[in-house]
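Same order as they appear, the protein sequences are chains A and B. Each number in the numbering used here comes from the position in the first sequence (counting from 1) with 182 added on. Each number in the numbering used here comes from the position in the second sequence (counting from 1) with 10 added on.
Some hints could be false.
Said to hold, decoys possible - Quick list of in silico lysine-lysine cross-link-like pairs, DSSO-like style, CA-CA up to 27 Å:
| hint | chain 1 | residue 1 | chain 2 | residue 2 |
| --- | --- | --- | --- | --- |
| 1 | B | K144 | B | K125 |
| 2 | B | K194 | A | K195 |
| 3 | B | K264 | A | K195 |
| 4 | A | K346 | A | K275 |
| 5 | A | K300 | A | K275 |
| 6 | A | K300 | A | K351 |
| 7 | B | K125 | B | K142 |
| 8 | A | K375 | A | K351 |
| 9 | B | K144 | A | K195 |
Unchecked claim - Label pairs and their in silico Cβ distance ranges:
| hint | chain 1 | residue 1 | chain 2 | residue 2 | range |
| --- | --- | --- | --- | --- | --- |
| 10 | A | R202 | B | P121 | 49 to 59 Å |
| 11 | B | G118 | A | E556 | 41 to 51 Å |
| 12 | A | V485 | B | N50 | 47 to 57 Å |
| 13 | A | S199 | B | N184 | 30 to 40 Å |
| 14 | B | S82 | A | V485 | 14 to 24 Å |
| 15 | A | V603 | B | V66 | 14 to 24 Å |
| 16 | A | V603 | B | P121 | 50 to 60 Å |
| 17 | B | V66 | A | R202 | 46 to 56 Å |
| 18 | A | R525 | B | S82 | 29 to 39 Å |
| 19 | B | P121 | A | V485 | 30 to 40 Å |
| 20 | A | R202 | B | N50 | 34 to 44 Å |
Calculated from the structure, these hints are not laboratory results. Note that beta-carbon positions come from the ideal geometry of N, C-alpha and C, so glycine has one too.
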Amino acid sequence: MQALLALVRAEIKLHFSNRRAVLMSIVAPILIAAFFGSLFGGTSKMAGIPVGVVDLDHSPLSQRVVAALQADTSLKTAVGDEAEMLAQVRAGKLRAVAILPAGLGTQASRALFGVGDKPEIALHYDPSQSSALAVVRGLLAQTLMQEVSRSTFSANSPVLSDLKRDIEKAQGLEPERRAEFARMFDSIDAVQKREAAQPQAAGSAPQGGGLSMPYTTREVEALQSTANAAPVAYNSYAHSFAGMGVQFILMAGVDMALGLLMMRRLGLWKRLRAAPLSRAQLLGSRIVASALISLIVFAVLYVVAIAAFGVRVLGSPAGFALVLVCFALLTASFGLLVAALGRTPEATRGLAILATLLMVMLGGAWVPAFIFPEWLQTVSFAVPTRWAVDALDAMTWRGQGFGEAVLPSIVMLGFTAVFTVIAIWRFRWEE
Amino acid sequence: MDKEVLVARGLRKAYGDRVAVHEVSLALRPGEVLGLLGPNGAGKSTTVGMICGLTVPDAGTVTLAGGASLASDEAGYKRRIGLVPQDIALYEELPARMNLELFGALYGMAPDVLKRRADEVLAMVGLSDRAKDKPSTFSGGMKRRLNIACALIHDPEVILLDEPTAGVDPQSRNAIFDNLEALKAAGKALIYTTHYMEEAERLADRITIIDHGRVVAEGTQAQLFALLPAAQTLHIEIAGEPDDALLAGLAGVKRVGQRLDVAVGDIGRDTGPTLAALAQRGVPVRAVASARATLEDVFLQLTGRALRD
């Protein structure tokens, strides 16, 4: 035991006295997690999507549409001529540009009742930002429906009388249906005149008429598992710290493996093997040291995450600790596997880092796994990092109980066992 | 086993079809330095590896005084052996003293004993004033001395030194030799592998010459030199190119450019007649020097190859 402790102590001291190792395993994940956390939500308000609008119609309707888009805080709307706006989309400065065609004001109201041609609004978008297109399309539809219906149904609007006249003159329309349309337009006209005659309440906004959104939304973050718990805002740093912690700790595991290969090269491994140490002590000391280093690094990362970025362990603290311990063991066994399969530090480094990055990427450490295609989500469950990241998410911002930590921990221990068995099987004891 | 502290019998190791060590046997007494001399790739390090338990022999045994062997008591056996690897096997970023304390702890030394012993070996190798410094800041010679100190920390009876002076300057080499002679005087048994004949000649009480994994000769230096036809050589510088016809009939003469090397058994007895014979043949002599035979000559005699080929 004395020998094992001496080796573990030496490895930990060596790791933390190495400035590069500390930088890579602690400082780098904090910086990158802070960056990703701020990108994927954080506590800062999201900037509006930069879009452009070109008004070729210059009608009251199109001007109100432009004004409404500019007033929407979800968008950051620029107005200009077509060539200028398209150039900005191509340059990546605008996500999309909506071109309101000439005739929009007259055609849109009629098209609302299926009369005449529909005006075509061209939406030019940046193909690298296609996810913004859906947002722009939705907001444009909402704005246009409100403004077109307001224009159509407001008092003194000429649109209804024009439509009524068109219906009366329309060829081939059944007399009964012609009469129904006429009654409908008369009814709308009567309602609008009565509303216009009523005195407006002091301080209230003028009634514009037209359609409006038939509902409002109340957005609540679904975080608390218990009804009595205080509401806590989602913290995107929790996921980014989990992901970056997993990535850089795995890389520290690779460094430990390369350290063992360097020990072989320098003859240190020979000296250790000449000492009265069993194989279990020799490999066990590497596993214990690597696992402890991983735990220390994770502890420091989460202290910073909690103190500086407001991350909280909303779920089970015991489950959180269990997940960290299992991942630390997984890292140690992964490092041992790399050392067992590697021949030289130079040849091993690139392959090991590639394997680490693949595991990290598939594990959802960079971006949440739910945005993966379905087949990739299925594949990612074969990667231990997916279980680690999901479990850390569950124990931190998702606020899940201990039970949710058990299965991921069992899976990680399973991978640990497999990695360790292969490492021992393939380990070269003699030079 | 009488007085021997270590006896190796019939050690054999093959890697595939290549036999690295073939039936090597050797014995070592306390206070004795056994030189294991041979060119690179001769099988010296493999032999050392089998003795200290790094390499499992295909055949043969190694036994320490009292009957301890790797098979019977691996940990007990290893505690009595100290290995100085050919490479500088140190934790470069741990201070010198911590290196010693770490390696001592691996041998189960108690902390208080370890501290005292670390002071002793640091003083012995002349690094007391650098105890807190990291080996990464040391010169090559200082690293070599610390490399040796780490093998001595647990006070082993047998010390295996695998080319311990590789790449060091003459001053550090002399310091290392002084350390090893002190160990020898303290009764430690040393196996010293080298391909530098000068080192073997200076340090070794007995020498085993190994080539292609086989022992080609063993004994004291006197016994090995006795294998040569002549113990000394006369180097005679002559004026101009000598006519080979003039040299015909002169025994033991080898022409090397404008120099003649003449093997002689006794320098006092044979120098005069040799020079007289040259004068009689009209060979003009400009200068004469003598050199005693070396282990290089012995190796050349036994294998037909130079030691550093």
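> Checking against the hints above, which ones are violated?
Replying inline: 2, 3, 4, 5, 10, 11, 14, 16 and 17
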